[in-house]
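There are 2 protein chains.
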Amino acid sequence: MNNREVIITIHMVSSLDGIIAKRDNNVEWFETPDHYEKGESFSSPEEFSKAVDCYIMGSATYEHALELSKDYGWVYGDTPTFVLTSRNLKQELPSVTFFSGDAKTLIENHLNPAWKNVWMVGGAKLTQTFIDLNLAHEIRLNILPIILGDGLRFFEYVGKEIPLHLKDTKAYQNGMVELCYEIKG
Amino acid sequence: MNNREVIITIHMVSSLDGIIAKRDNNVEWFETPDHYEKGESFSSPEEFSKAVDCYIMGSATYEHALELSKDYGWVYGDTPTFVLTSRNLKQELPSVTFFSGDAKTLIENHLNPAWKNVWMVGGAKLTQTFIDLNLAHEIRLNILPIILGDGLRFFEYVGKEIPLHLKDTKAYQNGMVELCYEIKG
Numbered sequence: 211m212n213n214r215e216v217i218i219t220i221h222m223v224s225s226l227d228g229i230i231a232k233r234d235n236n237v238e239w240f241e242t243p244d245h246y247e248k249g250e251s252f253s254s255p256e257e258f259s260k261a262v263d264c265y266i267m268g269s270a271t272y273e274h275a276l277e278l279s280k281d282y283g284w285v286y287g288d289t290p291t292f293v294l295t296s297r298n299l300k301q302e303l304p305s306v307t308f309f310s311g312d313a314k315t316l317i318e319n320h321l322n323p324a325w326k327n328v329w330m331v332g333g334a335k336l337t338q339t340f341i342d343l344n345l346a347h348e349i350r351l352n353i354l355p356i357i358l359g360d361g362l363r364f365f366e367y368v369g370k371e372i373p374l375h376l377k378d379t380k381a382y383q384n385g386m387v388e389l390c391y392e393i394k395g
Numbered sequence: 211m212n213n214r215e216v217i218i219t220i221h222m223v224s225s226l227d228g229i230i231a232k233r234d235n236n237v238e239w240f241e242t243p244d245h246y247e248k249g250e251s252f253s254s255p256e257e258f259s260k261a262v263d264c265y266i267m268g269s270a271t272y273e274h275a276l277e278l279s280k281d282y283g284w285v286y287g288d289t290p291t292f293v294l295t296s297r298n299l300k301q302e303l304p305s306v307t308f309f310s311g312d313a314k315t316l317i318e319n320h321l322n323p324a325w326k327n328v329w330m331v332g333g334a335k336l337t338q339t340f341i342d343l344n345l346a347h348e349i350r351l352n353i354l355p356i357i358l359g360d361g362l363r364f365f366e367y368v369g370k371e372i373p374l375h376l377k378d379t380k381a382y383q384n385g386m387v388e389l390c391y392e393i394k395g
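Protein sequence lines correspond, in order, to chains Y and E.
Start counting the first sequence at 211; every next residue gets the next number (our numbering).
Start counting the second sequence at 211; every next residue gets the next number (our numbering).
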């Protein structure tokens, strides 16, 4: 990549059984009723995203987030957001840019050189692309205290072995555990 | 269950993508080359299992462990171990008992009332049975810092939602993260 200082992180929230979306797209499971005494207090999604300079997502994830924004607000705030899509989607938010090329071209030629902290936030298909093409440096997985039992998997089929380095782990009061890994090799 | 004081724990070691066994059964990935500065030192499997009064496993897991014992020793030590199987397996270890009934009968009628801490250690099929029949109280998942990409999943298809309570989490120097959950409801 041109800009070696950028860190591209695949970020995902999953259940313990590795599911990132229910078949009906219901997201009530994000609001866990759990309480973990020893956990850190969980900052709001807005607080959480302050460290992120730019988001990348697939069009299904975008449309889902847009749908959710009617009830919960747009979770990515004013942070520049690239949506990878070849479809003609309607511009609804000033922070969103639609990009019809591939992920590698986007990263190499269109990311602002000042951006250091880029998060790819879904979905499963784009995760697969990022892993296949070695586009990501980190994986940050937040595991919620639930087994969903059915739905879309974070890792449906990776098909190759990838060694990781555990960089950090945190547990939150809502029972969520965050695992942060560097992708090696 | 008769004995309400017993805690039955499903214990599994998986990759980040939720795989518990490679297709070729190779277990070299258990020996992670990772180093996590902030992690606790990892006690040996023998040390680890001192807290366990009894193991339960399926016959495939048993045969796999027996195969591995040629190189690494029998990892479950002298701890009483029940193997659920309808097959006529050869008795090779004094600590192992073959049981041809179902898991529920084993737990209700054959566990020593003095045993408080029973671990079900695999495989995927027996995990499914324990979850389907609500036989387990806890899940303890140890995630190693690797994506395996292919193999047998811990949670292949649970098919129902199960709320969990995060009881504890620990990170080890070898990059392994342990998640311990109470199964609710």
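Misleading hints may appear alongside valid ones.
Just so you know, same-sequence chains aren't split out, so a pair can sit in one copy or run between any two.
[As the list claims (entries may be wrong)] List of simulated lysine-lysine pairs, DSSO-like, C-alpha gap at most 27 Å: (1) LYS300 with LYS248; (2) LYS380 with LYS394; (3) LYS370 with LYS232; (4) LYS260 with LYS335; (5) LYS394 with LYS335; (6) LYS377 with LYS248; (7) LYS248 with LYS380; (8) LYS377 with LYS335; (9) LYS335 with LYS370; (10) LYS394 with LYS232; (11) LYS326 with LYS280; (12) LYS248 with LYS326; (13) LYS248 with LYS394; (14) LYS300 with LYS370.
Think of the hints as simulated: they come from the structure by calculation, not from any bench.
Would you list, in rising numerical order, the hints stated earlier that this structure does not obey?
Violated hints: 1, 11, 14; rest satisfied.
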